[in-house]
Amino acid sequence: MKLSAKRPKSTHSSSKKAPKKDKVKKSGVFSSIKTKLIACFIICIIPTLLVGIISYNSAFSAVKDTASSAILQTMQQTNEKLAITLDNVESLSSQIMLSSQLRDYFSYTDDGDTTLFEIQSATNLNDDLNSLTNVNKYL
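Letter 84 of the sequence shown, counting from 1, is numbered 591 in the working numbering, and no numbers are missing.
Since the hints were derived computationally from the structure, they do not count as laboratory data. Worth double-checking, as some hints may not be accurate.
[To be verified] Distance windows between CB atoms, simulated: (1) Val570 x Ala629: 58 to 64 Å; (2) Val570 x Asn595: 36 to 42 Å; (3) Val570 x Ala546: 34 to 40 Å; (4) Leu623 x Val596: 31 to 37 Å; (5) Leu589 x Leu557: 44 to 50 Å; (6) Tyr563 x Leu593: 40 to 46 Å; (7) Cys551 x Asn586: 49 to 55 Å; (8) Gln602 x Gln580: 30 to 36 Å; (9) Ser601 x Ser565: 53 to 59 Å; (10) Phe613 x Val642: 20 to 26 Å; (11) Ile578 x Gln627: 52 to 58 Å; (12) Ser568 x Val642: 43 to 49 Å; (13) Val570 x Ile545: 32 to 38 Å.
Values in this document were obtained by computation on a predicted structure and should not be read as measured data. Glycine included, each C-beta is placed from N, C-alpha and C at the ideal position.
Input sequences plus hints: build the corresponding full structure.
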């Protein structure tokens, strides 16, 4: 038996060459994957930014309107409360001014010694003033 060494057939035969793929560079704006990724990222970010800006502006105006309304309402209530308090002070002043006990106390002429009338008049005036001021706790 004769062994003959057979050569394996080479895939690179000189007569049959595989066609070479020429690397053709694409020219244009979106030629590289990096540029495409950046463009996609920017396209995704812009709507998100717009929604964020619109949401911020609408929330800001809503909070501003609510705060303005609350401040205005507080000022109106304070004005009403102050007007009521001033009316009460005016009414109390009128009651004190028209009090007969106050007139009696100030009409008394001091002749040098304290009399029972003066002490009784001062006590009555003090009780009258206390009753007027105890009725309204804000005075």
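How the hints compare with the structure:
no. : hint                        : result
1   : Val570 x Ala629: 58 to 64 Å : 60 Å, holds
2   : Val570 x Asn595: 36 to 42 Å : 37 Å, holds
3   : Val570 x Ala546: 34 to 40 Å : 37 Å, holds
4   : Leu623 x Val596: 31 to 37 Å : 34 Å, holds
5   : Leu589 x Leu557: 44 to 50 Å : 48 Å, holds
6   : Tyr563 x Leu593: 40 to 46 Å : 44 Å, holds
7   : Cys551 x Asn586: 49 to 55 Å : 53 Å, holds
8   : Gln602 x Gln580: 30 to 36 Å : 33 Å, holds
9   : Ser601 x Ser565: 53 to 59 Å : 54 Å, holds
10  : Phe613 x Val642: 20 to 26 Å : 23 Å, holds
11  : Ile578 x Gln627: 52 to 58 Å : 54 Å, holds
12  : Ser568 x Val642: 43 to 49 Å : 48 Å, holds
13  : Val570 x Ile545: 32 to 38 Å : 36 Å, holds
Comparing the model with each numbered hint stated earlier shows that all of them hold.
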